Amino acid sequence: MEKVIEVSNLSKHFKTYERASSGFLASFRRRYYTKTALSRVSFSIERGQIVALLGRNGSGKSTLIKILTGILYPDSGRVNVLGFDPWRERLKLAWKIGVVLGAHGQLYWNLPAYDTFEYMRRIYKVPKKEFDERLEYFIDAIDLKNVYKRPVRTMSLGEQMKCNFVASMLHIPEVVLLDEPTIGVDIMSKAALKKTILDMREKYKTTFILTTHIVEDISTADRVIMLHKSKLVFDGTKEKLENMFGNKRIVEIKFIPDAELKFDFGKIIYAGEGVVKLEVDASILKNKRFIKTLSNENIIDYSVSVMNLSELLTKMYTKLEKRESR
Amino acid sequence: MKFQFINKENIDAYIATIVIGLKNSLAYKLDYILALFFNFINVLFMILIWSAVYLGTNVSSIKGLSLPDIDVYFFMIYALRGVVNTDLSSIMEEDIQSGGVATSYIKPLRYPIEVFMRSFSSDLLTMIFTTLPFFAIAILISHIALAFNTVLLLLVEILIAYILINLIGFLLGMTAIKLIYIGSITEIIFTTMLLLGGGIIPLNMMPSIVQQILYISPFAIMLYIPATTFLGTVSQSVIMTGIIAGLVWIIILTVAAFIAWGRVRRQITSAGG
Numbered sequence: 001m002e003k004v005i006e007v008s009n010l011s012k013h014f015k016t017y018e019r020a021s022s023g024f025l026a027s028f029r030r031r032y033y034t035k036t037a038l039s040r041v042s043f044s045i046e047r048g049q050i051v052a053l054l055g056r057n058g059s060g061k062s063t064l065i066k067i068l069t070g071i072l073y074p075d076s077g078r079v080n081v082l083g084f085d086p087w088r089e090r091l092k093l094a095w096k097i098g099v100v101l102g103a104h105g106q107l108y109w110n111l112p113a114y115d116t117f118e119y120m121r122r123i124y125k126v127p128k129k130e131f132d133e134r135l136e137y138f139i140d141a142i143d144l145k146n147v148y149k150r151p152v153r154t155m156s157l158g159e160q161m162k163c164n165f166v167a168s169m170l171h172i173p174e175v176v177l178l179d180e181p182t183i184g185v186d187i188m189s190k191a192a193l194k195k196t197i198l199d200m201r202e203k204y205k206t207t208f209i210l211t212t213h214i215v216e217d218i219s220t221a222d223r224v225i226m227l228h229k230s231k232l233v234f235d236g237t238k239e240k241l242e243n244m245f246g247n248k249r250i251v252e253i254k255f256i257p258d259a260e261l262k263f264d265f266g267k268i269i270y271a272g273e274g275v276v277k278l279e280v281d282a283s284i285l286k287n288k289r290f291i292k293t294l295s296n297e298n299i300i301d302y303s304v305s306v307m308n309l310s311e312l313l314t315k316m317y318t319k320l321e322k323r324e325s326r
Numbered sequence: 001m002k003f004q005f006i007n008k009e010n011i012d013a014y015i016a017t018i019v020i021g022l023k024n025s026l027a028y029k030l031d032y033i034l035a036l037f038f039n040f041i042n043v044l045f046m047i048l049i050w051s052a053v054y055l056g057t058n059v060s061s062i063k064g065l066s067l068p069d070i071d072v073y074f075f076m077i078y079a080l081r082g083v084v085n086t087d088l089s090s091i092m093e094e095d096i097q098s099g100g101v102a103t104s105y106i107k108p109l110r111y112p113i114e115v116f117m118r119s120f121s122s123d124l125l126t127m128i129f130t131t132l133p134f135f136a137i138a139i140l141i142s143h144i145a146l147a148f149n150t151v152l153l154l155l156v157e158i159l160i161a162y163i164l165i166n167l168i169g170f171l172l173g174m175t176a177i178k179l180i181y182i183g184s185i186t187e188i189i190f191t192t193m194l195l196l197g198g199g200i201i202p203l204n205m206m207p208s209i210v211q212q213i214l215y216i217s218p219f220a221i222m223l224y225i226p227a228t229t230f231l232g233t234v235s236q237s238v239i240m241t242g243i244i245a246g247l248v249w250i251i252i253l254t255v256a257a258f259i260a261w262g263r264v265r266r267q268i269t270s271a272g273g
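For the protein sequence lines, the chains are S and H, in the order given. Start counting the first sequence at 1; every next residue gets the next number (the numbering used here). Start counting the second sequence at 1; every next residue gets the next number (the numbering used here).
Worth flagging that the hints you see were computed from the coordinates, not collected in a lab. In this text the structure is predicted, and so the values were computed from the model without any measurement.
With a straight-line Cα cutoff of 30 Å, these simulated DSS-like cross-link-like pairs (lysine-lysine) come out:
#1 S:LYS96 to H:LYS23
#2 S:LYS194 to S:LYS238
#3 H:LYS23 to S:LYS145
#4 H:LYS23 to S:LYS128
#5 S:LYS129 to S:LYS190
#6 S:LYS149 to H:LYS23
#7 H:LYS23 to S:LYS129
#8 H:LYS178 to S:LYS35
#9 S:LYS322 to S:LYS238
#10 H:LYS23 to S:LYS92
#11 S:LYS240 to S:LYS286
#12 S:LYS229 to S:LYS194
#13 S:LYS190 to S:LYS96
#14 S:LYS292 to S:LYS315
#15 S:LYS149 to H:LYS29
#16 H:LYS178 to S:LYS229
#17 H:LYS29 to S:LYS145
#18 S:LYS96 to S:LYS231
#19 S:LYS15 to S:LYS35
If you want a taste of the chain H side facing chain S, the calculated C-beta under 8 Å gives, among others:
#20 ALA13
#21 ASN24
#22 ALA27
#23 ALA102
#24 TYR105
#25 LEU109
#26 ARG266
Just so you know, even glycine gets a beta-carbon here, dropped at the ideal spot from N, CA and C.
The whole structure should be built from the sequences, with the hints applied where relevant.
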């Protein structure tokens with residue numbers, strides 16, 4: 001498969017400062033230090049892949065996206081996107097990529113989103129006929145019919161995000177970088193965005209990289225890259241991520257309140273009135289003592305489930321934090 | 001590295017930037033109308049002060065300018081202030097500090113030109129709502145029939161003034177990387193321009209040696225020289241001095257802008273998250 005993004009040993013540092021102390025004169029005393037945003041990150045992405053870039057706040061996700069688009073320069077390492085060095089050949093690369101920066105919209109505040117779409121048409125020289133066809137497709141696909149002709153300032157955050165998405169797609173970019181694209185977007189629209197992304201991959205072999213904190217977004221991706229404190233700590237499929245903690249199960253037990261019960265299996269992750277959630281090894285489900293406990297007359301109901309992605313990520317981040325503090 | 005200023009391919013994109021900027025700025029049309037009203041009161045205030053000077057000292061002319069000339073002079077000054085009141089530095093300040101500069105960088109456009117086009121679209125409205133009405137009043141009250149050569153000369157002077165103020169604005173805008181608020185410096189420069197450019201006192205009323213220095217400053221060509229070119233009260237040698245000095249300043253500031261941009265280009269996108 002053709003590689004569209006190649007990153008090797010990428011590092012990026014920022015010089016920043018903090019106040020030396022509190023108090024009236026504190027703003028005059030700054031302590032400068034170098035913060036590592038990315039440390040020797042390497043990976044490659046093939047054409048048509050949908051990659052979720054995960055990590056906690058400050059892990060380096062947005063910095064990576066900005067380096068891939070040529071907004072920021074790398075301190076060291078090599079970056080190649082569609083055959084271009086993003087920093088040195090930003091203008092050439094910009095024709096071929098689409099970017100949605102969740103925190104920084106590109107819509108004109110006082111104008112209907114349509115004006116921004118038309119502006120994008122002129123920037124990227126999209127023929128009028130193709131522009132009209134594509135716009136009609138996106139408007140239908142993500143339900144913007146009653147939105148895109150209204151001034152942006154009257155739109156909800158989610159509507160703005162959807163319009164920003166369309167504005168970045170009209171020139172049918174080969175690689176799309178989405179930095180938190182679903183902030184404020186409702187469930188229905190998220191599903192529509194997901195379908196549009198999959199359609200674009202199917203139709204144009206578009207490659208997508210999306211950073212997100214929203215677990216549902218990850219379901220769109222067929223690969224996950226995780227950054228933690230500037231380092232790449234995971235690169236693989238969603239399934240591989242799930243299998244990292246694949247032997248864990250969540251057991252939710254409902255019981256008669258005030259009943260005398262002892263749950264000494266695995267780890268109690270939630271305990272409420274008449275309900276307890278345990279994280280256990282899968283093997284415990286066959287343990288006779290465990291089965292006997294579940295058949296206790298004071299137990300009303302119980303269920304067993306695998307860890308969902310949200311629980312998995314929390315567990316992964318906790319594990320990374322622990323490893324870091326050692 | 002091959003340098004390209006604007007290539008033919010994306011001229012239309014930059015024109016589109018002006019068009020959408022104009023449309024967006026038109027949402028603030030009431031602000032422009034209020035600014036016109038506010039400026040009109042300011043002109044009347046200046047005329048009142050100068051009337052007091054002329055009537056109080058009982059003179060019909062000061063350094064070749066009569067009271068009616070002074071009235072026209074200040075209408076012209078306010079027309080020219082509409083030209084040299086660029087938004088460039090404040091737009092750059094907002095871009096850099098909010099991190100919004102990133103949205104310019106993701107387009108196939110050069111940031112310095114793109115941001116200038118955005119600023120130009122808002123400046124154009126200021127010119128329409130301030131420069132044109134005050135210029136029209138200056139023509140009406142002066143009954144001056146402008147010769148073609150004078151119009152041409154005025155256009156050259158105004159163009160030099162506009163380029164100069166934008167180069168200053170661009171240099172100033174870049175300081176937003178280090179400074180949290182650049183509004184104070186902008187005010188200092190604007191006030192300096194008014195003082196040294198003849199925006200409060202016509203330069204020919206200053207001591208001779210001061211005049212000679214101010215004619216070669218970048219400010220005389222912004223206000224005094226175009227205003228007196230319109231009035232026809234300035235000598236050809238002062239006009240030529242102003243134009244040549246303006247061109248030299250353009251070269252100096254362009255070089256400075258290139259050097260500064262080369263240094264801050266890497267940092268400009270780092271702020272704002």
